[in-house]
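Put together the whole structure using the sequences plus the hints.
Protein chains: 2
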Amino acid sequence: MTTSRDFQRARSPEAKLVREAAILDAARRLGAERGIREVTLTDIAEAVGMHKSAMLRYFETREEIFLRLTAEGWRDWAPALAERLRAIEQPAPDAVAAAFAGTLAARPMFCDLLAQTPLNLERNVSVEKVREFKLTTGAGLGQIVPAVRAALPGLTEQDGVDLVAASTSMAGTFHQIATPGPEVAALYRSDPRFAHALVDVEPRLVRILGAMLRGLAGERAGSA
Amino acid sequence: MTTSRDFQRARSPEAKLVREAAILDAARRLGAERGIREVTLTDIAEAVGMHKSAMLRYFETREEIFLRLTAEGWRDWAPALAERLRAIEQPAPDAVAAAFAGTLAARPMFCDLLAQTPLNLERNVSVEKVREFKLTTGAGLGQIVPAVRAALPGLTEQDGVDLVAASTSMAGTFHQIATPGPEVAALYRSDPRFAHALVDVEPRLVRILGAMLRGLAGERAGSA
Numbered sequence: 001m002t003t004s005r006d007f008q009r010a011r012s013p014e015a016k017l018v019r020e021a022a023i024l025d026a027a028r029r030l031g032a033e034r035g036i037r038e039v040t041l042t043d044i045a046e047a048v049g050m051h052k053s054a055m056l057r058y059f060e061t062r063e064e065i066f067l068r069l070t071a072e073g074w075r076d077w078a079p080a081l082a083e084r085l086r087a088i089e090q091p092a093p094d095a096v097a098a099a100f101a102g103t104l105a106a107r108p109m110f111c112d113l114l115a116q117t118p119l120n121l122e123r124n125v126s127v128e129k130v131r132e133f134k135l136t137t138g139a140g141l142g143q144i145v146p147a148v149r150a151a152l153p154g155l156t157e158q159d160g161v162d163l164v165a166a167s168t169s170m171a172g173t174f175h176q177i178a179t180p181g182p183e184v185a186a187l188y189r190s191d192p193r194f195a196h197a198l199v200d201v202e203p204r205l206v207r208i209l210g211a212m213l214r215g216l217a218g219e220r221a222g223s224a
Numbered sequence: 001m002t003t004s005r006d007f008q009r010a011r012s013p014e015a016k017l018v019r020e021a022a023i024l025d026a027a028r029r030l031g032a033e034r035g036i037r038e039v040t041l042t043d044i045a046e047a048v049g050m051h052k053s054a055m056l057r058y059f060e061t062r063e064e065i066f067l068r069l070t071a072e073g074w075r076d077w078a079p080a081l082a083e084r085l086r087a088i089e090q091p092a093p094d095a096v097a098a099a100f101a102g103t104l105a106a107r108p109m110f111c112d113l114l115a116q117t118p119l120n121l122e123r124n125v126s127v128e129k130v131r132e133f134k135l136t137t138g139a140g141l142g143q144i145v146p147a148v149r150a151a152l153p154g155l156t157e158q159d160g161v162d163l164v165a166a167s168t169s170m171a172g173t174f175h176q177i178a179t180p181g182p183e184v185a186a187l188y189r190s191d192p193r194f195a196h197a198l199v200d201v202e203p204r205l206v207r208i209l210g211a212m213l214r215g216l217a218g219e220r221a222g223s224a
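If you read the sequences in order, they're chains A and B. Residue numbering for the first sequence follows my numbering, beginning at 1 and increasing consecutively. Residue numbering for the second sequence follows my numbering, beginning at 1 and increasing consecutively.
Keep in mind the hints are simulated off the structure, nothing from the lab. Accuracy of the hints is not assured; some may be wrong.
Facing chain B, a subset of chain A residues (Cβ under 8 Å, in silico) [what the hints assert, rightly or not]:
{"id": "1", "residue": "L30"}
{"id": "2", "residue": "E33"}
{"id": "3", "residue": "R37"}
{"id": "4", "residue": "T40"}
{"id": "5", "residue": "L41"}
{"id": "6", "residue": "P118"}
{"id": "7", "residue": "L135"}
{"id": "8", "residue": "T136"}
{"id": "9", "residue": "L141"}
{"id": "10", "residue": "V161"}
{"id": "11", "residue": "G215"}
Keep in mind that this is a model prediction, so the values were computed, not measured. Backbone N, C-alpha and C fix where the C-beta goes; we use that ideal spot for every residue, glycine too.
In structure tokens, the structure reads:
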């Protein structure tokens with residue numbers, strides 16, 4: 001663990017970046033361990049060995065830290081998904097659905113952040129930070145949508161945007177439903193009346209996105 | 001506004017129910033006015049004219065109050081949707097999609113609550129309250145899924161459950177994205193690079209659920 005002393009003077013831009021990276025590292029580690037909702041600003045300050053008041057010189061709020069991690073998540077996920085889509089040789093809705101579901105399910109902390117973003121993270125930061133974040137998601141769409149349209153010719157730009165919106169909103173929500181606390185998880189397994197509450201994120205995404213893409217592909221082929 | 005005096009003694013079960021209803025009414029009114037996230041336990045206590053400590057004898061937490069309103073939302077939405085599905089005369093995926101999208105978009109506070117449920121509301125209440133809530137959502141599924149399968153013969157039970165999961169998770173997330181604060185809303189309208197951040201809940205749900213249902217209906221017909 002880094003001590004407060006190490007962070008006493010960071011007047012150069014480079015030193016500032018080093019501190020920011022240390023704060024983001026601590027938030028990322030704690031978020032992955034216990035879920036975003038359980039991580040407070042105080043937890044991050046303690047993990048990074050800074051006083052909370054000093055940390056607020058680098059990030060306005062707890063939400064800004066996690067919004068930065070969400071942007072980082074988009075910059076990781078979008079090119080990984082685009083690459084997987086480009087590897088699809090024959091137009092196949094199910095292969096596109098599997099690429100979305102597989103790359104999202106492999107990134108559980110990103111799914112956690114996706115659900116937190118519109119509810120919490122975009123609400124407690126300045127407009128300038130929302131602006132930066134939306135430019136990042138826009139750039140992600142700019143990588144994903146053309147790759148979807150190359151994999152399934154006939155799909156429109158709007159189909160691609162709808163697909164990204166559907167997959168990210170469901171991945172976020174299903175991840176939350178699939179990770180209840182231990183007592184609630186025990187409840188769901190205790191009684192067949194709660195079977196509907198047990199969610200396996202990836203297969204459900206594959207089924208729903210697969211059906212959506214078969215519907216879109218059928219319609220576009222029919223109208224072509 | 002009711003005063004604290006009116007609530008001084010509520011020893012009979014009937015009086016307890018009256019107080020509970022008054023608390024739920026206040027929470028519903030405040031939630032509809034300003035969005036669930038902005039309503040604190042103190043706000044509800046003030047609106048209902050009770051001390052916060054007295055209110056905690058009726059509800060364990062703020063989240064329990066809103067989880068009760070979410071259950072009430074399911075008991076309102078499920079039969080309304082089932083009735084609309086039963087009125088569909090010819091099997092038509094788009095009519096089923098329009099029934100889901102229309103009944104959800106007409107209930108903005110329910111959409112707000114749907115997004116809050118797995119992130120917040122189910123986390124800060126007792127297991128017993130989650131259990132009651134899940135029985136309510138299970139009963140809702142029991143009304144909706146058979147009506148979907150009657151409207152689109154060939155769909156499986158799992159197709160119906162997936163459709164409810166897809167529609168409720170997207171309605172919740174899209175509602176949050178569609179209702180940013182005023183400064184962020186102005187940002188989105190200021191620059192075409194943010195066009196992807198502008199969401200119109202109902203048309204987007206119609207497009208996505210319509211494609212999903214055309215895909216499912218096509219597949220089930222093909223395998224029949």
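Hints and how they fare:
1. L30: 17 Å, violated
2. E33: Result: violated, 17 Å to nearest chain B Cβ.
3. R37: At 7 Å from the nearest chain B Cβ, R37 of chain A passes the 8 Å test, so the hint holds.
4. T40: Check failed: Cβ of T40 of chain A comes no nearer than 15 Å to chain B, outside 8 Å.
5. L41: For L41 of chain A, the interface hint is violated, since the closest Cβ of chain B sits about 18 Å away, which is over 8 Å.
6. P118: This hint holds: P118 of chain A lies near chain B, its Cβ roughly 4 Å from the closest one there, short of 8 Å.
7. L135: Hint holds; L135 of chain A Cβ to chain B Cβ min 7 Å, cut 8 Å.
8. T136: 11 Å, violated
9. L141: 6 Å, holds
10. V161: 6 Å, holds
11. G215: 3 Å, holds
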